[in-house]
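Protein chains: 2
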Amino acid sequence: MKELKYILKPKSVVIVGASRIPGKVGHIILQNYINDGYSGKIYLVNRNEEEILGMRSYSRVTDIKADGIDLAVIAVPAEAVPGVLEDCGKAEVKSAVVVSGGFAEIGKQELQDEIVRIAKKYKIAMIGPNCLGVMDPRSRVNTLFLPSYKLAKPEIGGISFVAQSGAVGSTVLDLMAGEGFGISKFISYGNAADIDEVDILEYLMEDEETKVIAMYIEGIKRGKDFIELGKRITKKKPVIILKAGRTEAGATAAHSHTAALAGSYEAHEAVFRQFGFTIANDISELLYYSKIFASEAAPAGSRIGIITNGGGAGVLTTDAIASSRHMLLGELSEKSKSELKKVMPPLVNIANPLDLAGDADDRRYRDALTSMASDQGIDMIIVIILFQTPGADSRLAAEVVAMKEKTSKPMVVLSIGSEYTEMHKMMMERSGLPVYDSPRAVALSLEALYSYYKYKARFG
Amino acid sequence: MKELKYILKPKSVVIVGASRIPGKVGHIILQNYINDGYSGKIYLVNRNEEEILGMRSYSRVTDIKADGIDLAVIAVPAEAVPGVLEDCGKAEVKSAVVVSGGFAEIGKQELQDEIVRIAKKYKIAMIGPNCLGVMDPRSRVNTLFLPSYKLAKPEIGGISFVAQSGAVGSTVLDLMAGEGFGISKFISYGNAADIDEVDILEYLMEDEETKVIAMYIEGIKRGKDFIELGKRITKKKPVIILKAGRTEAGATAAHSHTAALAGSYEAHEAVFRQFGFTIANDISELLYYSKIFASEAAPAGSRIGIITNGGGAGVLTTDAIASSRHMLLGELSEKSKSELKKVMPPLVNIANPLDLAGDADDRRYRDALTSMASDQGIDMIIVIILFQTPGADSRLAAEVVAMKEKTSKPMVVLSIGSEYTEMHKMMMERSGLPVYDSPRAVALSLEALYSYYKYKARFG
Chain A
0 MKELKYILKP KSVVIVGASR IPGKVGHIIL QNYINDGYSG KIYLVNRNEE
50 EILGMRSYSR VTDIKADGID LAVIAVPAEA VPGVLEDCGK AEVKSAVVVS
100 GGFAEIGKQE LQDEIVRIAK KYKIAMIGPN CLGVMDPRSR VNTLFLPSYK
150 LAKPEIGGIS FVAQSGAVGS TVLDLMAGEG FGISKFISYG NAADIDEVDI
200 LEYLMEDEET KVIAMYIEGI KRGKDFIELG KRITKKKPVI ILKAGRTEAG
250 ATAAHSHTAA LAGSYEAHEA VFRQFGFTIA NDISELLYYS KIFASEAAPA
300 GSRIGIITNG GGAGVLTTDA IASSRHMLLG ELSEKSKSEL KKVMPPLVNI
350 ANPLDLAGDA DDRRYRDALT SMASDQGIDM IIVIILFQTP GADSRLAAEV
400 VAMKEKTSKP MVVLSIGSEY TEMHKMMMER SGLPVYDSPR AVALSLEALY
450 SYYKYKARFG
Chain B
0 MKELKYILKP KSVVIVGASR IPGKVGHIIL QNYINDGYSG KIYLVNRNEE
50 EILGMRSYSR VTDIKADGID LAVIAVPAEA VPGVLEDCGK AEVKSAVVVS
100 GGFAEIGKQE LQDEIVRIAK KYKIAMIGPN CLGVMDPRSR VNTLFLPSYK
150 LAKPEIGGIS FVAQSGAVGS TVLDLMAGEG FGISKFISYG NAADIDEVDI
200 LEYLMEDEET KVIAMYIEGI KRGKDFIELG KRITKKKPVI ILKAGRTEAG
250 ATAAHSHTAA LAGSYEAHEA VFRQFGFTIA NDISELLYYS KIFASEAAPA
300 GSRIGIITNG GGAGVLTTDA IASSRHMLLG ELSEKSKSEL KKVMPPLVNI
350 ANPLDLAGDA DDRRYRDALT SMASDQGIDM IIVIILFQTP GADSRLAAEV
400 VAMKEKTSKP MVVLSIGSEY TEMHKMMMER SGLPVYDSPR AVALSLEALY
450 SYYKYKARFG
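Residue numbers (numbering that gives the first Met the number 0), protein chains in the order written: chain A, 0 to 459; chain B, 0 to 459.
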């Protein structure tokens, strides 16, 4: 296993190609380390500068007097990378993230082979080249050289997201951060010249900070090793996989993008399924599944309870659940029914879906949730809150978050709307409650959750 | 055909049950008319008040000296509605929106029958009871009695949205407004005691302000009439339909919601398909299809061109297109290829998808769009813009909007991300360019567009 720990949790970092010029890659990365509050030692290397942003700059890595540096972030032109890596090796640098492009992806395979040779000679664990690199909000390592105002900053959490492609990676990261997801690690590994998807998965499998792994891949280099790992990894934690190149046209496009040999998607899919991976068919599904798994609740069965303040939304959600492969609507117990009859106004029809009516407030939701949470006939709960109605407000959102903390049953919220709704969705999402914006998304996510835990119970 | 014009374009309105108390239905509706700038004459009726918000209040509708009022908005307790309607009839009021609940939906069928009888006697066209009513941003009629800060306000546009359920209706309306859609009419018709879905569709079919009809229904009352109308309506304009109660469990839930007899969904679906309706299977699809049809561009064929600044996103979109039923990736003409070779940097591989690379700016997009717009091998264009990249900014968004205005080919944007991206999506959406947030959504929407225009060319 490659030593990713030096890349993700470095005690010291050298930025090679650090720059004082705003907009330059070597400037953005340095700014990231400063702004994010990285607490380790930072060294800078730029052969033309003696000082950058008030910090000393060295001409070469070998000039630095330090007992081995954990990580070198390399942002220099491709042809300069071999020399820099040699210096890193001599200075006993333990790992490197090469963000520079200009290697195999534009046909320069020899140059890429050369840096791999150097990395191996000095036992440097290397991510890249041609990648965005890594982000770890806990250790505050961040090599993403994108304009920071264009990307939302993720909070600390349990999802590790692995993407070969930097663009898909940063896009999904932005979306996750914007929705209030917490991130454990983000790793964009580009050409995978040294460290590849199998190395990364092996690391994340053992990483205790990682509760869920989400990944976007175009091709798999080491098929056998991937299968070996696949057998073990999903027994420990859920892995969601979005593979591009599912169609012939897509595979052709993937080949010209990262030279990935996509292979037959059917064969890949069969392996993914066999080993309990959760397959995402679209970027949106990658997000749906990431957040439901991050909530870390395992269902005891597939019977769904629905609480709603909008009848129509309850019907549509019932349709979505009833059309799913494994799930069905649960039957309320006699105990629940008699409890609910006592506390609900007469117009509320005691059934599942439980339509609390358009004037439902936090109190009515609490009563409904209390019954469903203890009802033996309900395994997972969908709480539909239409915030356009008079009784739905921040108190209600807080009430639902509090209930989620009290029950061990998986619980998700469905809320649809713009600004006022978004505000409450964000608040609930940040409190660890998965929130969705369509009945389809809810049904897909609960189905994925159920299927994974069923696999795990059987083989885990 | 019922006279919906008095409801949607009234020259005078009487609000029965107008109130000075904030939060009351009769207060919110009055505030709507004042805040939205309704320019017709407003009368108020409240038997306990002589003046409300500085306006005169009458005891009864018959006290008003006016030569017939176009619309009465009735927000009084259910049992008072028959008397109010009698008064409206005597005062020659032409139409009524009864927002009050407490009729057939809670078993009071007789009370409902009575108001229908009165409405028929006086030839009052009546929407409701138990409905949110109507909104028309052009005439500024707005009977939606929901807290205004919870709902985004829609702009004027071509989509008319019809929803039996008030909650689903207001939710989708909020979402449409929040995304920057323009609305022609919003009609929530509740119990459909008098005016029903067939009447509404007949009106909207002829309404020149309506370019697209989107509807949410739970049941259809007049099946034969619906079929008769179905044969004609889609030849004039696209109709998107989301029907709840697709499954047995859903149909049961729908019955307890609006007493709708959902009937066999398969039978409904067959009719919808036969008559060229666009079927939405989820609330999200209702939105996807509404905006692509609102852009009013008809494709000449099913060949797709993809322009992207992210390779991975291009591959995923290629997969989505190639997995669709009718669409395929177009082949760039020799002319396009040689044009593009001249203007593109060497690293850009001239192919479809056309990956402009992560540093693409407005100029590179313009060149790419110019070629694709005039290429005879491309019928529809997908423009992927990942705004996290350095070159993607407001200039680029403006450039794409300008191109959309120059070409007659359907053109959509795919952009994924949070705040910075959302800002640009909103700007493009408001300029009439449909923007989507997943490859799946793009593929579904283009497929729906293509299928509808194919139907129309054949039968229209």
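Keep in mind that the hints were calculated from the coordinates and are not lab data. Remember, predicted model here, so these are calculated numbers, not experimental data. Just to be clear, a hint being listed does not mean it is correct.
One copy or two, it doesn't matter: identical chains are merged, so the pair holds either way.
As the list claims (entries may be wrong) - Cross-link-like lysine to any residue pairs, in silico, SDA-like; alpha carbons within 20 Å at most: (1) K223 - I27; (2) K64 - N47; (3) K236 - E268; (4) K152 - P298; (5) K10 - K336; (6) K220 - G177; (7) K10 - F274; (8) K152 - E421; (9) K64 - I155; (10) K152 - M422.
To see whether the hints hold, each was checked on the structure:
For the identical chains of this complex, K223 and I27 are neighbours neither inside a copy (38 Å) nor across copies (66 Å), given an alpha-carbon limit of 20 Å. In the homo-oligomer, the alpha carbons of K64 and N47 lie at most 20 Å apart inside one protomer (19 Å), although the nearest pairing across protomers, at 89 Å, exceeds that limit. Taking identical chains as interchangeable, the C-alpha atoms of K236 and E268 lie at most 20 Å apart only when both belong to the same chain, with a minimum of 19 Å there against 41 Å between chains. In this assembly of identical chains, the alpha carbons of K152 and P298 never lie at most 20 Å apart, being 31 Å within a copy and 40 Å across copies at closest.
In this assembly of identical chains, K10 and K336 lie within 20 Å of each other by CA distance neither inside one copy nor across copies; the values are 58 Å within and 51 Å between. When the C-alpha separation of K220 and G177 is checked against a cutoff of 20 Å, the pair qualifies neither within a copy, at 32 Å, nor between copies, at 44 Å. Proximity of K10 to F274 under the C-alpha cut-off of 20 Å is found in neither arrangement, the shortest distances being 36 Å within a copy and 67 Å between copies. In this assembly of identical chains, K152 and E421 lie within 20 Å of each other by CA distance both inside one copy and across copies; the values are 18 Å within and 15 Å between.
Proximity of K64 to I155 under the C-alpha cut-off of 20 Å is found in neither arrangement, the shortest distances being 33 Å within a copy and 67 Å between copies. Within a single copy, K152 and M422 get their C-alpha atoms as close as 17 Å, and across copies as close as 17 Å, so both meet the 20 Å cut-off.
This entry does not satisfy hints 1, 4, 5, 6, 7, 9, going by the numbered hints stated previously.
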